[in-house]
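**Q** Sequence:
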Amino acid sequence: MRKQYSSDITREQFEQIRPLLESARKRTKPRTVDLYEVFCAILYLLKSGCQWRMLPSEFPKWRTVHSYFAKWSEPRGEGGSLLEQALKKSGWRGPYQTGAQRHNELLDR
Numbered sequence: 001m002r003k004q005y006s007s008d009i010t011r012e013q014f015e016q017i018r019p020l021l022e023s024a025r026k027r028t029k030p031r032t033v034d035l036y037e038v039f040c041a042i043l044y045l046l047k048s049g050c051q052w053r054m055l056p057s058e059f060p061k062w063r064t065v066h067s068y069f070a071k072w073s074e075p076r077g078e079g080g081s082l083l084e085q086a087l088k089k090s091g092w093r094g095p096y097q098t099g100a101q102r103h104n105e106l107l108d109r
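Residues 1 to 109, numbered by the UniProt record's numbering, are exactly what the sequence shown covers, in order.
Don't read these hints as lab results, they were simulated from the structure. Hints are supplied without guarantee of correctness; some may be wrong.
[As the list claims (entries may be wrong)] Pairs of lysine-lysine, DSSO-like flavour, derived with a Cα cap of 30 Å:
1) K29 - K61
2) K89 - K29
3) K89 - K47
4) K3 - K89
5) K71 - K61
6) K47 - K88
7) K3 - K71
8) K88 - K26
9) K3 - K88
10) K88 - K71
11) K29 - K88
12) K26 - K89
13) K61 - K89
14) K61 - K3
15) K47 - K3
16) K71 - K89
17) K61 - K47
18) K26 - K71
19) K71 - K29
20) K61 - K26
21) K71 - K47
22) K88 - K61
[To be verified] Taking CB as the label site, the calculated pair distances span:
23) E58 - Q13: 13 to 23 Å
24) R31 - S81: 25 to 35 Å
25) G79 - M1: 28 to 38 Å
26) R27 - R93: 13 to 23 Å
27) K29 - R93: 29 to 39 Å
28) E78 - R53: 13 to 23 Å
Glycine is no exception: its CB is placed at the ideal position from the N, C-alpha and C atoms.
Build out the structure end to end from the sequences listed, making use of the hints.
**A** What follows is the structure, encoded as structure tokens:
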């Protein structure tokens, strides 16, 4: 068991998007990593904005997470990438804005 992060989704939410994410890979050999953990690591990165190498060690290795991120982020026509589709389907709202970011948006208007 790893620490729960505010960016995590539930396993039930993940089961709704699992088939979508699994469709990106041809089944050649058994998977050695838990896709739920990979997806939660990507959510953590998107929400926190941390560097790949600063991903907490409780998640799969950063290179593994990055390879899934790259594969899932490939453009797939009008529907967007698999990652975009999965984020929409899971109900993910994106990273929080900091006060400085809101301030900069107001200045840009």
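**Q** State for each hint whether it applies.
**A** Consistency of the hints with the structure:
no.: 1; hint: K29 - K61; in the structure: holds, 19 Å
no.: 2; hint: K89 - K29; in the structure: holds, 27 Å
no.: 3; hint: K89 - K47; in the structure: holds, 17 Å
no.: 4; hint: K3 - K89; in the structure: holds, 24 Å
no.: 5; hint: K71 - K61; in the structure: holds, 16 Å
no.: 6; hint: K47 - K88; in the structure: holds, 15 Å
no.: 7; hint: K3 - K71; in the structure: holds, 26 Å
no.: 8; hint: K88 - K26; in the structure: holds, 24 Å
no.: 9; hint: K3 - K88; in the structure: holds, 25 Å
no.: 10; hint: K88 - K71; in the structure: holds, 17 Å
no.: 11; hint: K29 - K88; in the structure: holds, 29 Å
no.: 12; hint: K26 - K89; in the structure: holds, 22 Å
no.: 13; hint: K61 - K89; in the structure: holds, 25 Å
no.: 14; hint: K61 - K3; in the structure: holds, 16 Å
no.: 15; hint: K47 - K3; in the structure: holds, 16 Å
no.: 16; hint: K71 - K89; in the structure: holds, 18 Å
no.: 17; hint: K61 - K47; in the structure: holds, 18 Å
no.: 18; hint: K26 - K71; in the structure: holds, 12 Å
no.: 19; hint: K71 - K29; in the structure: holds, 17 Å
no.: 20; hint: K61 - K26; in the structure: holds, 21 Å
no.: 21; hint: K71 - K47; in the structure: holds, 19 Å
no.: 22; hint: K88 - K61; in the structure: holds, 25 Å
no.: 23; hint: E58 - Q13: 13 to 23 Å; in the structure: holds, 19 Å
no.: 24; hint: R31 - S81: 25 to 35 Å; in the structure: violated, 20 Å
no.: 25; hint: G79 - M1: 28 to 38 Å; in the structure: holds, 35 Å
no.: 26; hint: R27 - R93: 13 to 23 Å; in the structure: violated, 32 Å
no.: 27; hint: K29 - R93: 29 to 39 Å; in the structure: holds, 35 Å
no.: 28; hint: E78 - R53: 13 to 23 Å; in the structure: violated, 34 Å
Hint violations for this structure: numbers 24, 26 and 28, all remaining hints satisfied.
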